[in-house]
Amino acid sequence: MSPTQLTGMTLRQARDGLLKKSFSAVELVESHIDAIATHSQLNAFITETPDLARAQAVKADERLARQEGGPLEGLPIAMKDLFCTEGVRTTAASRILGNFVPPYESTVSANLKQAGAVMLGKTSLDEFAMGSSNTTSAFGAVINPWKRRSDPEARLVPGGSSGGSAAAVAARMALAATGTDTGGSIRQPAAFCGIVGLKPTYGRCSRWGIIAFASSLDQAGPMARTVEDVAMMLQAMAGHDPKDSTSAPIAVPDFSAALTGDIRGLKIGVPKEYRPSGLSSEMVKLWDDGIDMLKDAGATPVEISLPHSKYALATYYIVAPAECSSNLARYDGVRYGLRVEGKTLDEMYAKTRAAGFGTEVRRRIMIGTYVLSAGYYDAYYAKAQKLRSLIARDFQQAFELVDVILTPTAPTPAFAIGDNDEDPVTMWLNDIFTVPTSLAGLPGLSLPTGLSADGLPLGLQLIGRPFDEETLLRVAGVLEKAAAFTALPPGLGG
Amino acid sequence: MSMVIQGETGDWEMVIGLEVHAQVTSQAKLFSGAATDFGRPPNSQVSLVDAAMPGMLPVINEQCIYQAVRTGLGLRAVINLTSVFARKNYFYADLPQGYQISQYEQPIVGEGEVVLDMPDGSTRRVGIERLHLEQDAGKSLHDQHPTKSFIDLNRSGVALMEIVSKPDMRCPEEAAVYVAKLRSILRYLGSCDGNMAEGSLRCDANVSVRKPGEGLRTRAEIKNVNSLRFLQQAIEYEARRQIDLYEEGGQVVQETRLFDANKGETRSMRSKEHAHDYRYFPDPDLLPLTLTPAYVSAIKADLPELPDQKKERFVREYCLTPYDAGVLVAEQANADFFETVAKGRDAKLACNWVTGDFAAVMNRLGRSIEDPPVTAEHLGQLIDLIADNTISGRIAKEVFELMVETGQAPAVLVEERGLKQVTDSGAIEAAIDAVLTANSGKVSEYRSGKDKLFGFFVGQVMKNTGGKANPALVNDVLRKKLEG
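In the order they appear, the protein sequences are chains A and B. With the numbering used here applied, the first sequence closes on residue 833, and no number is skipped along the way. With the numbering used here applied, the second sequence closes on residue 561, and no number is skipped along the way.
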């Protein structure tokens, strides 16, 4: 097979090919290492680990030959640089951790390793996963492989914060990748890059060893090119971990088996509040088309109400910064990471953190510190927690009527680098459809179902009941088939 | 009891509340598996969690919860079936996370009480406001290098119980008795070793003063008092300082003050500009802690006999005075020692020996109850020898010293050294006759009314018998002979 054929496969196809010995893991990995070099201008990776990947591929071939391979044996994937990887630099795309090499492996990346997956490198992200554009990385912006038809020269964002992973998967540099999602950081970049991204239920994947942004929201999940691939990835990533007190002690179902293709009788919720007047007509059409596709497959659309979702962004931008202001206090220059010397301890802190953190991270630390301060706590943080309960209750009530909810993933297709830099709030609006799900801890999946008039991928989001990723994947599988999204980023056409 | 301090503007009264930090006895830290042994090389007991490495998460150590619940029950306190760990945010070099995980609005233990046994035999009740679990910080070492500070994280993350009293104490002595009693309860429960020198029990005092009958005035918090003596000194000094301040027309500011043991004074520790806003919020890495009523009742059923119950029993079973009983039960090992000695014997005599000669020798030799100079069995046997008139009380003291020196059983010593009491009335009579014959002049003086000479004759007889004559018998026979 040609290198392009090897990188153009789905995770499932590659798995089958390895088992049938159509090619070796070494060949498969080598072709992806080449693809990473070819697309280096996208800046998707912060740290590439080709030598490690080759060594892992050799071992994978040995295990495959002995028929001892794990479920992802020899399959090359990319790892968001928020997962601590033993012996491999882990930066969170921040200067403050620019040279940090963890002596431990995160549970999720260890699970993937255990399943036989080969790590190609660490993908870029918004600094500490704070952003929706991947422009806040200390290692430079990531470029979306997709181009506007009207303006092919414009460099578009891949979305964020898992923008490096999304770009890598979309540009065929990796068969799949890990992401993390706090307010939309898997789903929005998946939508912008025309791939599938799943944020599992909070507690489905262990957070141990993932650099924390907002602990009550952070959740790891897979990014891949098909719903089936996402199911395969999640299978390996998920599971209870006693090292994470918020990890759910429940069994992991067989996600691939959930893809029956049969959604007859399911009720699909369509929230009336998610149709703001400013939503573009092409996005409204995409959504309506999606509803029709599911209807055609035997499901019933039901209008539902999520009345508190309008407070979701405000709530999120209190809760997440509050937690981040505390979570990021450990980056103080004392034990690891960047240190800028000062005459006093306080001066060292100030200089280290000023030099180590970028603008967006500093902004959120300041907001978080403010909302937790004496005299403001009740007005902001305590109120936000109440709203969070109300938002969760909205979903709970909705799920008494429906089985899954269908919404757009993001209000717009990918925008150009620099477009929203001046106004953080416009930037934050990207997460308007994804944030409520995060606050409620629910699973959410984004998949591409169409192209914008300007040739950019658009995604729809499916939201499920807690720990019911199976139904989510089942419906997503049907929608994927119906939408038949086959477009490729320019230059990647096979 | 209330201590009144006379000021220039009239009488003043102290109001004292204490915050005791007790290190939980546990193999591992509150949220990590690292060991907690004292005195290990710096940074040798530090897990990735304790060092706050990126992506590390706390997991509650169940043993620490168990100890906190036990302690709460020992303090007759409400156990909160739901409690919440919160983050207390502040920057310091020996606080790796940049926050301490503590409990704020919902502690694991609510209101309870401690009964104080005052030296005058009276008791006083001090309310417990709450007990919560929290992490200890590491240690900054500023004396290892001329320009640098070193950090030892061995202590970082070790579980502490912060036990907060109500402002129920009115004099330094009560504060000291409170801490001693609390320490005693913790040691009985085995939830804290109570070692103040090693820092496993630390104490902060909230002190204010007021005119009798007034409401509470502004308090100052005194930190760093690491002995009962310093605690009393610090409170005394602080109360005086506040009274002087008020009487000069000044105001007390709410602040944290540090006790300087060398100067015996307190001084302001943090200025207002550095006032901390800890930005407490529930720790999102930890779910609320929920306990089942069954879990709590199982712990309750398994509680050991605590000092107050033991004291009550000692008074009842051994007819001891409340004060004696209180002294004996303060340390469980002392109480156990006493019970071994007293079992089936004269309890008052046993108490006198344990708290008297035995305690004195132990102090003199610097021994502990775990390594006693005389075993409880031997001391009991000594008391048996007194009770059955084998030796007199006086000889017993001599035998006791020999027991301390040789470690031998009292019966063996008495036998070997011929210290057995002479109860043969014939022999005693002979000895008395000899004394009376040799001192015929004094006999006449006695008979003409000089009663006080009786003691002289007793002394002579005892001297001549080497102290072995039964004193009661000597008295008896001598009286008959002199008056007969």
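Hints are computed from structural coordinates only; laboratory data are not their basis. Note that CB positions come from ideal geometry on N, CA and C, so glycine has one too. Please note that the accuracy of each hint is not assured.
[Stated by the list, open to error] On the chain B side, residues computed to face chain A include the following (Cβ under 10 Å): (1) L125; (2) D360; (3) L479.
Structure-based check of each hint:
1. L125: 6 Å, holds
2. D360: 8 Å, holds
3. L479: This hint is violated: B:L479 lies away from chain A, its Cβ roughly 61 Å from the closest one there, beyond 10 Å.
The structure fails hint 3 only (numbered hints given earlier).
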